[in-house]
Structures are given as C-alpha cells and as structure tokens.
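K.L.:
For reference, the chains in residue letters:
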Amino acid sequence: MSNSPIVMRETRYHQIKAVLARLRLDSSARLVVLVDKDGQQIAVHGELGDLDTTSLASLVAGNVAATGGMAKLIGEDEFPTLSHEGAKESIHISVIGRILLVVVFDDRSSLGLVKLRSKQISHELASAFAEIEKESESAGTKSSLPFSEITDEEIDSLFSHA
Amino acid sequence: MTFINYASREINCKIVYYGPGLCGKTTNLQYIYDSTAAQAKGKLISLATETDRTLFFDFMPLELGTVRGFKTRFHLYTVPGQVFYEASRKLILKGVDGVVFVADSQEERMDANIESLYNLEENLQAYGYELMKLPYVLQLNKRDLPNVIPSSDLTSELQRKGEPVIEAVASTGAGVFDTLKAVAKQVLTELRKS
Numbered sequence: 000m001s002n003s004p005i006v007m008r009e010t011r012y013h014q015i016k017a018v019l020a021r022l023r024l025d026s027s028a029r030l031v032v033l034v035d036k037d038g039q040q041i042a043v044h045g046e047l048g049d050l051d052t053t054s055l056a057s058l059v060a061g062n063v064a065a066t067g068g069m070a071k072l073i074g075e076d077e078f079p080t081l082s083h084e085g086a087k088e089s090i091h092i093s094v095i096g097r098i099l100l101v102v103v104f105d106d107r108s109s110l111g112l113v114k115l116r117s118k119q120i121s122h123e124l125a126s127a128f129a130e131i132e133k134e135s136e137s138a139g140t141k142s143s144l145p146f147s148e149i150t151d152e153e154i155d156s157l158f159s160h161a
Numbered sequence: 000m001t002f003i004n005y006a007s008r009e010i011n012c013k014i015v016y017y018g019p020g021l022c023g024k025t026t027n028l029q030y031i032y033d034s035t036a037a038q039a040k041g042k043l044i045s046l047a048t049e050t051d052r053t054l055f056f057d058f059m060p061l062e063l064g065t066v067r068g069f070k071t072r073f074h075l076y077t078v079p080g081q082v083f084y085e086a087s088r089k090l091i092l093k094g095v096d097g098v099v100f101v102a103d104s105q106e107e108r109m110d111a112n113i114e115s116l117y118n119l120e121e122n123l124q125a126y127g128y129e130l131m132k133l134p135y136v137l138q139l140n141k142r143d144l145p146n147v148i149p150s151s152d153l154t155s156e157l158q159r160k161g162e163p164v165i166e167a168v169a170s171t172g173a174g175v176f177d178t179l180k181a182v183a184k185q186v187l188t189e190l191r192k193s
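Line by line, the protein sequences are chains X and B.
Everything in the first sequence is counted per numbering that gives the first Met the number 0, starting at 0 for the first residue and increasing by one.
Everything in the second sequence is counted per numbering that gives the first Met the number 0, starting at 0 for the first residue and increasing by one.
Pulled out of the complex, with its shape left as it was, chain X reads as follows (with noise of 0.2 angstroms):
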C-alpha cells in the first residue's frame, strides 16, 4: 500500500460538492457526507445543525472496517452496504473502493429510495476519486506541496502552545 498523501484541488473538492448536493435532492436526505476508509472526512452536505461530522467519520470508517472483518469471516469480500435505522433519524452507508458514501435521512426520505439513488451516483464518485488518486501522485513526484520547503521552525512553531 503506498503511503502517499491523498490531495484533494479546488476544483475536485466542488464537483464532489456538487455531486453530493445532487444526491442529497435527489434522495431527500438531511445531510451525505463523503469519508475515506481511514476515517478522514472529505466533503459534506446537507443540513449539519450540532451534528459532529468529524466523529461521524471516524466511526462510520470504524464501523465499515469492523463489518469488512466480520464478512471475511464469513468468505465475504466486504459487505458493499450498510443501513442502520433508528425511529426518526437512519443512515446509510455505500463503500466504494477506498471511500464511503454517508447518507443521513429521515421520514421525509425512505431507505429505498437512498440505496436506489446511491448507486446511482456511485460510479461519478468513484471515477471523480480515481482522479483525485491519479493526480495526488503526479503532486508527490513533483515536489510541487507547499510542504516540500517546510522549515523545522514552522514545524516546532506548531507547539508553542501545546
């Protein structure tokens, strides 16, 4: 596995934005968040109101890695969906390669509908990611990070007050 940083541009992060936006109408969902399999949060949409999306992340990643182990048990793969219904408030989860696709609803929407238009879209973000992939090593080959000339003092300077 390659430990080079995944970079996300500008313009990757808006059509991703853009895609979620599409999937959140489409679907009436509250809110569709987009993860990696590392627990990072990349990108999310809908209404947040106090909710923390950045646990959100890191458990939905937990939860997906804690199912593929569960499935490999059984000679699965991994388990491409998860749905957990509550009495008001539902989720559901679609793995695509390394990322995860988080939709929040609620009774305005209905779990079918959600898986249905999930899948939809599923391809457009995982082509969108291969990008992002491809053009995250072309950055790390070319030196091109604004990282790549960080001095030791900005780096100590981060802990000044830690």
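Among the clues, some could well be false.
Unchecked claim - What the simulated footprint calls covered on chain B by chain X, stretch by stretch (three residues with Cβ under 8 angstroms from a Cβ of chain X suffice, anywhere in the stretch; the number is not a length):
# : segment
1 : 2-14
2 : 52-65
3 : 79-91
Derived by calculation from the structure, the hints in this document are not laboratory data.
Beta carbons: idealized from backbone N, C-alpha and C, even for Gly.
Using the hints provided, position chain B relative to the given structure of chain X.
P.N.:
What follows is chain B alone, placed relative to chain X:
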C-alpha cells in the same frame, strides 16, 4: 494516510497509540483532551467496555495550528490493548501516518511489552507498512511506580530503530505532550519528503 484538502486548506494526519493492555494509551489521550483548549479539539470518543477497557478505539481530533496557510489536524487513535481484541486492533492501523508505542515500565509487564511490539510490527506488515519506515516514538510510561525497570534496560530491549524515547507518567501528564510532539514532528517532516 495524510489527506491534504486545498479547498478547506487542511492537512489531516492519523496517529495511533499502540501498546499492551492497561499501559496508559487512553490515559495519554485523556490528558491531551483535558489540557487542550476547546477550540482546538473535537469530542473524545471512547468505545470502551463497562470496566473501561478500550473495546474498539478511542478517538480525538486535535488542531495544532497553521503551517503555510494550512490547518494541521491530527486524528489521534488508541487501539485496544487486550490480546483478545486483535481483530479490532489491526483495523485501526489502516492508513496510519505515525505510531506511538506506549510501554508499561513495570517489571511484570515486560513480556507484554515485547509481545505487543511484535504484534505491532506484524499488523503493520499486513497493510504493507514497515515500522522501520514509519514516524515512530517509544514512550516509557508509569515511571512513577516503585517496581519499574531502569529506562536504559527498557530502551535497549524495546527500541527498534533509534526512535525518540520519552519517559512519561501519563496520569499526571509528564511526557505526554513531548511524545505527541515527537511523533507529529516526524509526520510533518515526512510530508516535506513526499
């Protein structure tokens, strides 16, 4: 795996605290959480059993400040130390950018330290990582207890590659931020190389 977002101008890195059961991994995180300003941290999530043993992981996001116009955020995780939580321990290492090994300095925990360190290397290999190439810090915890092994002996037994070795008493906070700083510095230095 470090995630750099140009739109929100953020760098996100993942640091995992590893070590044998009851060595003080959660205590490290709890101390960082308690002594960090509210605006610099998110919630501390702890998935623990009723007896406070970490079941799956503890997690807290920590924002350190800005470098070159980018906010640096560290996602701190602990793994469950107990031997029987092997499956969930391995999962947390996925995408890790830096590791802190928290060793229990007590004489009777020496075997547990060695076993856990061996287990760490094995689990990293399962994801194609090598401990030798990862940002890594060794913390010698519980230095305040009466039955501890001398630091020099622990170091010669547990140090793998000349990594920084930091003595700590996580319950009082001694060495906790020094450890975090040592690993975070290495992670950011790696970014310079990439």
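K.L.:
Now look at each hint and say whether the structure bears it out.
P.N.:
Taking the hints in turn, this is what the structure says about them:
no.: 1; hint: 2-14; verdict: holds (count 9)
no.: 2; hint: 52-65; verdict: holds (count 6)
no.: 3; hint: 79-91; verdict: holds (count 4)
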